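Residues per chain, in single letters:
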Amino acid sequence: MRELKQSAAKTLKSFYKILPLILGMILLISLISTSIPRSFYSTIFRNNPFFDSIIGSVIGSISTGPPITSYILGGEFLKEGVSLIAVTAFMVAWVTVGIIQFPAESIILGMKFAVTRNITSFIFSVVVAIITVMLVSYI
Amino acid sequence: MKNKYRSRQINVSWYFLIAVILVYIILAFINFSLFSSSLKFFFNLIIKIVPIFILILILMVITNYFITPKLITRYFKAPGIKKWLFVVIAGILSTGPIYMWYPLLAELKEKGINYGFIATFLYSRAIKIWLLPVIIFYFSLKYVIILTIVMIVFSTIQGITINKILTSDR
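Sequences listed follow chains D and L, in order. Just so you know, our numbering puts 7 at position 7 of the first sequence, and the rest follows in order with no gaps. Just so you know, our numbering puts 31 at position 31 of the second sequence, and the rest follows in order with no gaps.
Keep in mind that the hints were calculated from the coordinates and are not lab data. Treat the hints with care, since some could be wrong.
To be verified - Pair ranges (Cβ atoms, derived):
1. D:134 to L:30: 25 to 35 Å
2. D:12 to L:30: 35 to 45 Å
3. L:149 to D:2: 37 to 47 Å
4. L:32 to D:119: 18 to 28 Å
5. D:47 to L:58: 32 to 42 Å
Predicted model, so just to flag it, every value in this text is computed and none were measured. For glycine and all other residues, C-beta sits at the position ideal for the given N, C-alpha and C.
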């Protein structure tokens with residue numbers, strides 16, 4: 001019982017440290033989600049799969065919010081004629097790259113780790129999109 | 001030294017929150033409608049994530065109670081594929097926004113888990129089983145299955161890559 005109390009106290013201490021960061025990030029996410037209109041996204045894609053996948057990854061990286069939003073937005077992009085590669089890169093980057101969360105990630109898990117993880121996640125979002133769409137068309 | 005680092009970490013967290021609040025205050029003067037809709041979005045999001053917050057707190061208490069450095073060391077000495085599989089499954093099953101997991105991951109790091117596993121965990125969190133019906137609705141079952149498999153593979157590739165980069169950096 002004493003150990004359980006100790007672990008609960010330790011957990012609350014950890015949360016106290018992180019709470020301002022979480023609140024700050026949610027405030028930022030709210031601001032970005034409400035200030036970027038949906039129509040903005042569909043105006044910047046060209047018809048080049050590689051270029052579009054990079055653009056998709058860039059937008060996915062800076063846009064943040066619940067994953068379900070990215071799926072719905074991705075589905076809408078597809079309806080508006082954006083390529084599947086770009087949409088896939090966008091959705092994958094949305095859920096794997098965290099520009100907005102970067103300050104918290106670098107403070108808590110280390111700057112080197114946060115930089116490396118986000119850069120590799122960005123590169124992999126393009127690669128995952130290309131491989132996925134290739135497999136979808138060949139299988 | 002450790003205490004000094006911790007208090008610096010707390011200060012940075014508060015400075016960050018104060019900076020964002022200042023942005024909101026300025027926004028209230030220059031664009032009140034964006035300010036109020038952002039604030040509304042913020043409160044809706046807070047209401048949605050409070051249950052996840054509680055769940056994560058409980059999980060952290062359990063982790064603190066059961067997961068000791070000794071146990072981690074023993075478990076992570078298991079054959080290679082098993083531990084990667086464990087991390088991928090844990091990532092897929094985890095809930096809530098990514099940043100809510102950082103304190104738990106930082107603690108696991110202190111208990112001996114390497115950066116590669118943390119990266120794999122964070123990457124595989126992108127696979128949301130309960131959201132699959134939404135993607136199937138917009139795309140196709142074939143697309144979802146392929147994307148999920150490719151992402152599972154890449155979550156491991158990212159873990160291995162990060163391990164190599166950060167280990168060679170030391």
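Quick rundown of the hints versus the structure:
no.	hint	in the structure
1	D:134 to L:30: 25 to 35 Å	violated, 47 Å
2	D:12 to L:30: 35 to 45 Å	holds, 38 Å
3	L:149 to D:2: 37 to 47 Å	holds, 46 Å
4	L:32 to D:119: 18 to 28 Å	violated, 38 Å
5	D:47 to L:58: 32 to 42 Å	violated, 49 Å
The structure fails hints 1, 4 and 5 (numbered hints given earlier, in ascending order).
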